[in-house]
Each structure stands twice: as C-alpha cells, then as structure tokens.
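Colleague: So the chains spell out like this:
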Amino acid sequence: MSNIPLNIDWQQILLHWMNLAILVGGLYFLLFKPVKQFMEKRQAHYQEMEEKAAGKLQEAEGVKAQYQQKLDGVEAELHEARAKVQQAVEKSTQEQLEQAKKQAAQIVAQARSEAEHSKEKVMKEAQRELKKLATEAAEKIAFKSDVDPFDQFLNLAEGGKENESR
Amino acid sequence: MGKHKKGLAVCIIAVLLLLAASLLTGFHGRAESVQEAMRDAVLHNVNQITFIGGKLINPGLVSAFLVTAILLIAAACIRVFAIPRFRLIPGKFQMVLEEAVGLFDNMAKTNSPHRNGFLGAYIFGAGAYIFVGTLFELLGFEAITAHGEPVTLPAPLSDVNAAIALGVLSYLVILSGGIAGNGVGGIGKTLKEFSLPISMSFRLFGALLSGLLVTELVYYFVTLSFLLPVVVGVLFTLLHAIIQTYVLTMLTALYYGEVSEPSHKEKKGKQKAKASA
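For the record, the sequence lines run as chains A and B.
Taking this note's numbering, the leading residue of the first sequence gets 2, the next gets one more, and so forth.
Taking this note's numbering, the leading residue of the second sequence gets 1229, the next gets one more, and so forth.
The following block holds chain A by itself, in its conformation from the complex (with noise of 0.2 Å):
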C-alpha cells in the first residue's frame, strides 16, 4: 500500500464512503425528504386553492351570464309588453273615436229626423188651421148674415179695392 502514491489508503476510502452513505441517507430521511413534503404539501395547498377560486370564479360567472340573460330577457319583455299596450291603448281609442263619430253622426241623423218631423207636424197644423179657420170664416159669412153670401163676398171684395185705393 506504500507504493501507491500520495498516501491514498483504500480502507480509509471505503470508511469515507461508509460515512458519506451514512450521511447521504441520513440527511434524506431526517432533512431533505420531510421538508420537500411539506414544501409540495403548501404547494398542493396553494394550488387547491387557486383551483377553487378559480372555479369559485367561473361558477360567479356563470351566474353573471345567466342574470345578464335573464335581465335582457326582462327588457325584452317589457318592451313587447309595452308595445302591446301601446297597441291596445291606441286600438281602442281608435274604436272610441269611431264610436263617438257614429254616435254623433246617429244623433245628427234623429235630429235631423226629428226636426223635420217636427216641421212636418208644424206645417200640417198649420194648413190644418187654416183650414178651420177658413171654414170658420166661410161659416161666418154663410150662415149669420142675411146678404146673399155671393154679394157679401162681392161686397168684401170692393172694400178691400177701397181700403187698398186710400
């Protein structure tokens, strides 16, 4: 072993490799291994929970979209409704228009009816009095003078010229 230059010693090697074994294995068990454990368990921990906001976050969003949607829904219908009452609101005006105008045009057409009725009824009363008092007269001059009523008439007849003369 003496020859072997530098004083290397393979006993003394394999009693370092013995000693570096040791160490290797026990650094592993006792540092390495427990604390990259921990290290990937905060890791898996963060992760989890970035994961779960995430999904806190789509699930958020979706509820977003599904009111967004139900909210243009809204307005929709609301502007249909509004439409359709506007419609009704002026169909029936339009039909109330069209009934007042009937109406009015009805009570024109019996007033009208009505006065000419009225003036028919007038006029007829009218000849009617004239007629009675035509007879009443005739009566008059026929029946209570003693003139023969052809002269009587003669006789009126002249004092109407002589009235009209002065």
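Derived from the structure by calculation, the hints contain no laboratory data.
Simulated pairs of lysine to aspartate or glutamate, DMTMM-like, Cα-Cα distance not exceeding 25 Å:
id, chain 1, residue 1, chain 2, residue 2
1, A, Lys42, B, Glu1326
2, A, Lys141, A, Glu159
3, A, Lys132, A, Glu159
4, A, Lys92, A, Glu81
5, A, Lys37, B, Glu1326
6, A, Lys133, A, Asp152
7, A, Lys85, A, Glu99
8, A, Lys57, A, Asp73
9, B, Lys1420, B, Glu1489
10, A, Lys102, A, Glu91
11, B, Lys1320, A, Glu41
12, A, Lys132, A, Glu121
13, A, Lys37, B, Glu1489
14, A, Lys34, B, Glu1327
15, A, Lys34, B, Glu1326
16, B, Lys1283, B, Glu1370
17, A, Lys37, B, Glu1327
18, B, Lys1337, B, Glu1326
19, A, Lys37, A, Glu51
20, A, Lys42, B, Glu1327
21, B, Lys1337, A, Glu49
22, A, Lys133, A, Asp149
23, B, Lys1337, A, Glu41
If you only want the chain B side, here are some residues facing chain A, beta carbon under 8 Å, derived:
id, residue
24, Phe1293
25, Ile1306
26, Asn1389
If you're wondering where the values come from, they're calculated on a predicted model, not measured in any experiment.
The beta-carbon is built from N, C-alpha and C at its ideal position, and this holds for glycine as well.
Guided by the hints, dock chain B onto chain A, whose structure is given.
Modeller: For chain B alone, coordinates are given in the frame of chain A:
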C-alpha cells in the same frame, strides 16, 4: 456612542493582552518543523490517529466522522423540534431550510429532467458535507496522534482519500443515472467521461488542501494570526466552501442529467412505434 467607544476600548485591550501573552510565552515550537507539518498536511504519513482495532487513520477521516455526526445531530434536532412546527407562511429559519433544500432540488431538476429524485438527495447530502466540512477547519479541533502529539483536525476533504471517495462516489452516482436512464448504453455514455472521477477528486483535494495549508501555517505560527487578519482567512474559507459545494454539486447534476437523458435513437423508435400504432 459612549457604549461603542467602551466596546472598542475593551476589544483593543483584549487584543493587546493576547498579543503580549503570545509573545511572552514565545514560540517553543512543535516537535516538527514547518516543512514537516506542510508535508504531513499533504501526505498524512506522520500524524496519524489510532482508530478502532489499532488501525492508523488520517485526521481527515476523524474530521469526516465528526462532520457527519454534527450534521446528523443537527438534522435530527431540526426534524424533531423545527419541522413539526413548520407553517404555511415560513419564519426565518424555515425559510433558510426550505431555501437549502429547494436549491439542490431545483438544481437536480433543471440539470437533469429525467430521474432526478435520487440526484436531489445525493447532491443535498454531498453539498452539506462539503460546505460544513470546509468550514469545520475553522473550528480548530485538536486530536491526539498515535505518537501522542496534538494535531489540528483539518477539513475532511483536504485528505486525498476523502476527496477521492467523494469524487469517485459522485462518478458512481452519475454512472447509476446512466444505467437507470439508458441501460447498457448509459454505461458507455458515462465511461466516455473517464477523467471525471480524477478531475472531481483532485479539484476538491487541491482546493481544500490550499485552505488547509494556510490554516496549518496560521496554527503553526500562533503569533502570525495577529499579522494576518484571521477574518480574511475565515472569509476565504467561507467563499471557497460555497464555491466547492457549488462546483461539485453542479458538475454531478450536469453529468447525471446528460447520461440519464434517453438517447435520440430510443426516442425515434418510440415515436415510430406510436405512429405505427
């Protein structure tokens, strides 16, 4: 301001007292000359320590066992007291641990996209060993040699046997990655890099030995530590601990990734099989 001035004065007095004490006690010298100490730091053929069964071993091996013991006790304490109290929002200590584990795990994952589970564990262990082992020389623990002389325990990797052990082990790990990824082809791929165990071993040995020689010099001439600021030595040791840790772990991860990557022929074969299916 008053407190700062008092503290500074205390420091200066302590330094002067220590300097005076070291000069008064004088340099009685060690049994060996500085040349012998340097030579022994490289070759480890004089200052050896008796191991179990009377076997003589280099001080570096004792350092290696001590570093392993320190690391495993610290890891066990952390496992029992700190890890069960880990929280989702980490504190400072937890962050340091997670950063260390994450650093090696990510290095394994980025350099070797395939089969990196074992690689991460290995480079974490090797990295901790190199880093703590290099800083270990700063503690200046003493051991008694077989001749009854005190010797300062060096960094484990300044012993050529430790450097060879780690370099060759790293190469074997790379080889295992090649076999796991490519079977027999992986062995060929790994054997192409036959210079890797030598380069990795001697890179570590050279880097750590230089640190050891400087430390040996400082410990040899105690009074020298007043002329060369110790803090500079500490900073350099810290720096090269980081650099050596990074270099070995990065190289291991890189070569492991290269040899464990499925070859293009296999990929093409699989694609053809898929296309025909």
